[in-house]
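Listed here are the chains, written in short residue letters.
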Amino acid sequence: MQTTPPSAADSPPLAVAVAGLSKTFGTTRALVDVDLSVAWGETLAVLGHNGAGKSTLLRVIASLVRPDAGTIAVGGFERAKDAAAARSIVGYVAHQPLLYDDLTAAENLAFFARLYGVRDAPARIAEVLDDLGASAWADRRVRGLSNGMQKRVAIARALLHRPSVLLLDEPETGLDVDGLAMLDRLVRTVTDGGAAVVMTTHGMERGLSLADGVAVLAEGRVALSGRTAEVTPADVRAMLTRQYQVAP
Amino acid sequence: MSTYLRAALTIYWKDVTVEARTKETVLGVLVFALVVTFIFKFTFDPAPQVVALIGPGIAWVAYVFAGIVGMGRTFVLERERGTLEALLLAPVPREAIYLGKLAGAFTLMIVVETAMLPVFVVLHDLSFLSLPFAATAVLATLGLAAVGTLFSAIAVHTRARELLLPLLFLPVTLPIIIAAVSSTSLLLDGGGWRDVGEWLRLMLAFDIAFLVLSSWAFEFVLEE
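If you read the protein sequences in the order shown, they are chains A and B. Numbering-wise, our numbering comes out as the position in the first sequence, counting from 1, plus 7. Numbering-wise, our numbering comes out as the position in the second sequence, counting from 1, plus 13.
Keep in mind that the hints are not guaranteed to be accurate.
[Said to hold, decoys possible] Across the chosen pairs, the derived CB separations fall in these ranges: (1) A:LEU187 - B:VAL151: 30 to 38 Å; (2) A:ASP75 - B:ASP58: 37 to 45 Å; (3) B:LEU226 - A:LEU187: 43 to 51 Å; (4) A:ASP191 - B:VAL151: 52 to 60 Å; (5) A:ASP191 - B:THR30: 34 to 42 Å; (6) A:ALA76 - B:THR35: 19 to 27 Å.
[Unchecked claim] Short derived list, chain A residues pointing at chain B, Cβ under 7 Å: (7) PHE84; (8) ARG94; (9) LEU105; (10) ASP109; (11) ALA117; (12) ARG121; (13) LEU187.
Bear in mind the hints are in silico, worked out from the structure with no lab data behind them. Glycine is no exception: its CB is placed at the ideal position from the N, C-alpha and C atoms.
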């Protein structure tokens, strides 16, 4: 199923709409009554300390984890009613590369292209590998690639079906300086094309410079949120410092 | 081709390609089946007239135990590499993931069963080469793979997965193991299609029931 970022005329007003979201694992409250929204063509940076709930938030939006309470709509598709349609317009980059070690980079992408029903897959695979600067490794098995190389192929996998909503979970991990510059260009290209990006990161300055909106999570709750034009790095730093003092 | 079948075939072909390159699971399972068969041979050393009696049991115990080892890895490898999440992210029906993984487990077991045939001839002078035995093997293996794939997906989320899989798998598959052993015994006694028809129908009914039930349950099993 091929998807393209919806145009403003025929699309719902928000790319991602999360309301009253809660998730508990055993006795750990990973998310507590989270409300967030991301408009088309915008990037939301999600910041917070380790264990704040950033990855869980992305996994719930990606429909990998079922929430205990709350509603999630991705591109207007409600997770509870139409999870498959929501998944078809989402690209997700996780901590792990989510690639098969014993297939080559190109074979991995060909496999996922078939699952996503990507048209003209060979050309699209060549295109995303080229965009990510990974063409030279196309025929190498993933097992033999460095972490940074695997991360680039993982990002290529997430972009393969031209997702309307891109979820990036600490995407800078493993990338070198060139890779980080490539990532920044990629996020801007994706949002310029009308798609939305939700990105968790520990790099506050990078996150704020790339994003249109910011949300700081603390113990599963949204402790601070707003437009990056209105929220200063000092506000975010103060919030993160306060969290660290309260819940080391 | 429907989205469902295309996705199942894609997952199946990926599993076959990965296994053909690494041969990790098929070699491990084959060696396990050989070891079980050798243990029976050298601990009991059955007389020729006893072999016909207990041979089918030895063969199916070896296949079933080896199958547990092989099917246990069906989802463990996906989980370890994180690729299970990539499969779950794809906009394909969960049943298609089940069918693709089931086809991979079935192929693995059939390859091991075929490779073991000469071993039974050499060690126990048992020849299973006949069409009714092929039907018995296919139906029994399909049932074992249908149950094993579902329970492997359940066990992968638990810490004691190596313990849980046999505990779940063996009681549920008991009817199909009994049917396979009984059918094989009748065939070794010189029986034909008519003699084993009842057992084949029982296995077919088991297969259909578990294919339907497992396909339906698979979505809930995979939810975290």
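Here's how the hints hold up against the structure:
{"no.": "1", "hint": "A:LEU187 - B:VAL151: 30 to 38 Å", "in the structure": "violated (54 Å)"}
{"no.": "2", "hint": "A:ASP75 - B:ASP58: 37 to 45 Å", "in the structure": "violated (60 Å)"}
{"no.": "3", "hint": "B:LEU226 - A:LEU187: 43 to 51 Å", "in the structure": "holds (49 Å)"}
{"no.": "4", "hint": "A:ASP191 - B:VAL151: 52 to 60 Å", "in the structure": "holds (55 Å)"}
{"no.": "5", "hint": "A:ASP191 - B:THR30: 34 to 42 Å", "in the structure": "holds (35 Å)"}
{"no.": "6", "hint": "A:ALA76 - B:THR35: 19 to 27 Å", "in the structure": "violated (43 Å)"}
{"no.": "7", "hint": "PHE84", "in the structure": "violated (11 Å)"}
{"no.": "8", "hint": "ARG94", "in the structure": "holds (5 Å)"}
{"no.": "9", "hint": "LEU105", "in the structure": "holds (4 Å)"}
{"no.": "10", "hint": "ASP109", "in the structure": "holds (5 Å)"}
{"no.": "11", "hint": "ALA117", "in the structure": "violated (9 Å)"}
{"no.": "12", "hint": "ARG121", "in the structure": "holds (4 Å)"}
{"no.": "13", "hint": "LEU187", "in the structure": "violated (22 Å)"}
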